[in-house]
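Protein chains in written order, with numbering that gives the first Met the number 0: chain A, 0 to 347; chain B, 0 to 352; chain C, 0 to 282.
These are calculated hints, taken from the structure and not from any lab test.
Honestly, I wouldn't trust all of these hints.
[Claimed, not checked] No farther apart than 25 Å at their CA atoms in a straight line, the calculated lysine to any residue pairs in the SDA-like style are these:
1. C:72 x B:9
2. B:349 x C:176
3. C:102 x B:68
4. C:107 x C:56
5. C:72 x B:142
6. C:135 x B:346
7. B:68 x A:128
8. B:299 x A:83
9. C:73 x B:142
10. C:85 x B:352
11. A:105 x B:143
12. A:125 x B:62
13. A:105 x B:9
14. C:135 x B:68
15. A:125 x B:142
16. C:102 x B:9
17. A:309 x A:194
18. C:135 x B:9
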Amino acid sequence: MATLIRKDAGEIFRNRLSLVVTVLIVIILPLWFSLMPSQVEETLLLGVYAPGLERIFDRMNATDEALQVSLYNDTNALKVDVENGDIMAGVVLPADFVQTLIRGEKPQVDLYFPSVVPEESRGPIKALLEELSFIITGQILPVLLDVRVVGEDYAGRQLPFRDQAKPLWITLVLLVEIVAMAYLIIEEKQTGAIFALLVTPATTGQIFAAKLMVGTALASVETLLVITLMGSIAKGTVALLINVLLGALLATGFAFLVATPARDLKSSFSWLMIPYVVLMVPPMTVIYPQAASWVVKLLPSYYLADSFDKVLNRGMGLAGVWANLVILAIFDVAIVGAGVHVLRRKFE
Amino acid sequence: MRLRIIGSIMAKDVRQGLRSSIFIFVLVSPFIYTFVIGMIFGGFGQHEPSLGIVDTGDSELVAMIRNSKGLATRIYSSESSLISGLENNAVDAGIVLGADFDEALLQGRLPQMALRFSGRSYASNRLIIQNTLTRLVREMAGQEAPVAFNVTVLGSEKALPMRERVIPFIFLAVIMVSGFFLTSLGIVEEREERTISAISVTPVAISEFIGSKAMLGYLMALAATMLTFVMNGVTSPRYLSLLMPFLFLGGAFAVSIGIIFGVLLDNSTELMGMAKGINFLLFAPALVILFPGIPQWVAKFFPTYYIIYPIMQISMMGAGWAEVWTHFVVLLAIVAAVAAASLYLVNRKKHSL
Amino acid sequence: MGASIIADNLVFAYGDLVAVDHVSFQVQEGEILGFLGPNGAGKTTVVKLLTGQLKPKEGRALVLGYDMAREPKKAAAKIGVCFEEKNLYPRMTARENLEFFAKLFGVKIDAEALLRRVDLAGKGNERVENFSKGMKQRLMIARSLLNRPEVLFLDEPTDGLDPVSSENIRRVIREEQERGASVLLTTHDMLEADKLSDRVAFINEGRIVALDTPENLKLKYGKRSVKVRPKGRAEGEEVEIPLDDPGTPERIKKILQEGEFDTIHTSEATLEEIFIKLTGRRL
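This is chain A alone, in the form it adopts within the complex:
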C-alpha cells in the first residue's frame, strides 16, 4: 500500500495538468480574495444644504446609523460631490422652506443624484426624503409600525461579499480536485499503466484505496492551505477539519465516477463538466438564498457549503453543523462506494 501511495502521490506532481490545476488554485484564489473589497458600505450618504435647519439633520445623524447626512454651506460644493459620486444624493432646501410650509404651500426642493446611481435606486431615496418631510411637518404615520430583527443582528458588522462567498470559493477548490484526480486515473487508463499494476501482487482494492487516500489527502491539504491564506483557519477548527475531509472524500469519489467512462483525457472533458457544474449550484445558493429551491438540498455540496458558511461566517462550531456533517458523510459513503465499485468492475 505504501508503495502504491508513494507512486500515486508522485504521479500527481509529475502530471503537469494536475500540478498546474492544483498550484494555480492555491495561489490565485487567495490572491483574488485579498484584492476584493473587505468592507461593506451600509450607510446611505446624503448631502444637504439647509441653512437654518442644521439641527434637524444633526439629530438624524445621531439617531439613525444607516443614514449619514453631510451638511453643506455651499450648493456648488454639494453639486460637485454629487457629480463625483461621493454622496448618493444632494438635497438643496430653498431659503424660504419653513415659511412656505407655514403658509400651507409646497416648497420646491432641489434633489440631485449622481448619474452612477441607477434609476431604480432613486425612487427609494426620494421616498426616504419625502418621509423625512412628513416627519418634519409633524404628520403622523397612519399605521402602528412594529419593527423587529429576525435572527442575529449583523447591522454595522456585515460580511463583505468576499467573505459571504467563502463557501463558494472553498467548495470550488475541493471540486476542482475532481478534475485533477480524474485526469490522473484517465491518463493511467490511456497509457495502459493501470493494467500493468493489475497483474502485480497488488489487489484492485489496494490500488484504488491508495488513490482514494492520495486524492483525499491532496484535496484536504490544498483546501486547508487556501483557507489559511484567506485568514480563516482559526475558526471552528474541528468542525472545519471534518468538513474539509468529508468534502475531499466526496471530490475523490466523484473523480472515480467520472474517470471510469472516459476513454481519454479529451473525451473526459464533457464527463467532468457535468458533475462539476451541478455540484457548484448549491454553494451559490448559500450566498443567494433567494435563488434556492428544495432541489439543491438533494445535492451533497449543499451541506458542504452550508457547513463552511456556518463555521466561517457565522462562528458556529461542531454543535451547529453536526447534522450537515452526518448527511455529508452518508453521501460520501454512497459516492465513494459507487466510485470504487465502477472502477473495480471496469478493471477486474
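Model the placement of chains B and C on the given structure of chain A, informed by the hints.
Chains B and C alone, transformed into the frame defined by chain A:
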C-alpha cells in the same frame, strides 16, 4: 496559400470536431457563458432591497409596493415561511398585513403593520424599505407629501448593474474559448496524433495547415461573439459598427495566442493545464472591471483590457470612436506583435512540428 | 530508367547523436530497395530526410530530381508514405480518412476499391478508433497509395499484421512495382526484405554496411555448407561440413555410403546471419 486546401482541412476539422465534446462545448459556449455567468454574477454586488409579504386580506398596498421601483418583492403564504426566509436572508425584510388592514387604514384606525428585518440585511436597505413602506402607506391613507422635488441628474458616467458589467467578461470568454482554445487544440491534437506528419508529406504547405486552424478559430470566434451580442441585447447597428474593429482584432489576438501555444505545447494535457493558467492572465482585466473596489489601473497591464474595455464603453456607456480610438491603436500594436511572434515560431519550428 | 531516389552523402544528427552518417545510395525506377537494420539504426531518419520532413546537415536527398531539403512540396504530389507510427484521424471513418487525404493531393479516388485492395472491404464507415492495430496498418498502406505515387516510402509496412495479411500487402507492393513505382522499404524483418527486395541495404548505427541483391550478399558473405543429422540425433544436433573444404567430397561420399544419417541438406546463409557477421548485432 490555396483556399481549396484550407477549406478541405477546415471541413475535416469541423466534421471531426462535431464528434468531440470539446468542440461541442466551444460551439455552445456563448449560451453557456451567457446563462451561467449571467446567473452567477447577476446577483453579485449590492442587490436591490427585497421585501417578503404575507397578505391575508388582499391589500391594495401590495400592488402599490410591487409597482414601486427599486424594491424586489416576494409573496409568502404564511408568517412562518416568511420568518424562515428572513432567517436565511432570502429577503431583507418582511411585512404581515392583517385581513382588515386596508379598511382600518382608510378609517384612520391605525392598523398594526409588523415589519421584520433579516439580521443580515444591510442597514441602508432597512432604511430604504421602511421609508418606502411608510411613504406608500401615507399615500394610501391620502396623505400628500408636503414638499415637491425637482430631480436633476449630475454627471455622465452611467450606472452599471453587475448584470451588465459582466457582459464584456462573457464576450472575452467566448472570443478566447473559440479563438484561442480551438486554434491551439486543433494544432496540438494533430501533433499528438502525429497526423501532422502525414500532412507534411502531402503537397500541403505548413502555412496552409496553420492557416486553416487559425481561420476556423477566427471564424468561430467572430460567429460566437456576434451570437453573444445578440443574446445579450447588443443589437444596435451603431454599436455593432463601432464594435466590429475590436472584434476583428480581438479574434486575431486570440488566434495568434492559440497558434503560439499550439506550436509550443506537445499534447492536449499540457494545453489544458496551460489554458487554466493563462486564463487568469487573459481574464484578469475583466475581473478588475467587474469589481470596482479593485484599483482599475491594474487592468491596463493586461492585453485583453484593450479588447473588453472598449467593448464595455461602446455597448454599455454609449461611447463613440473618439473615446476608444487610442485603445484601438494599442490593440492593433499588440495584435501585430503577437501575430509576428506566432509567425516567427511557426517558421522556426516547422520541421519539428 | 533513371534513379527515382538519390541519397548523396546524407548526414543528420539529433543533438550529439549522429543518426545518419554519410549515407549514399540510389533507387532506380521500378526497383524495390529494402533497408534492413535493427531499431535505432537510422532507417526512419533516412526516410524522413528523403520525404522532406527533416533537412540534412550535409549531403543531398533527391526524389524524382527534386531536392527534398529545398523543394519538398514539388515532389510531394508524386510520393506516397506509409509511416511506422499510426497517424490516422481516430474520430473519422476509414473512408473519411482516405477522402480527406485525396483532397489534399487533389485526386479523386474510389475509396471502396482502395479498401478492398488492403482487405478492408466493408470497413469504410467504421471509425478508425475502433480498428485493430492490423486494420490501422492496412489503412495506412491504402492511404499511401491513393495518389498513385511514383515513389513509395514504406516504413515497417507489415508491422502488426498476421501472415496472411502480410502476404497480401507484399502482393500489393509488388503490384505497385509492376506499375512502375520505386519503393524504399524499411524493415527489421529479414524474411520480408528477402522476399520483396530487388536489393537490400544493411544499415547499422547510421551507416550502410552492405548494399547488394540478397543473392549476392548471401554468396559473398554466406557460408556454403552441408548439414548432416546422424541417425538417432535430435533436430538441431546437426553436423556442419563446409563445402569449400578439400576433404568434404570424400566425407560426404562416406556418409552417403554408410547411410548413418537421418537428414542431409545444403544450407544457405540468411540475411540475419550475414547482418550479424557484418555488424556483430542482431536485427
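*Does the structure break any of the earlier hints, and which numbers would those be?*
Numbers 2, 3, 4, 5, 6, 9, 13, 14 and 17 - these are the hints that the structure violates, sorted from lowest upward.
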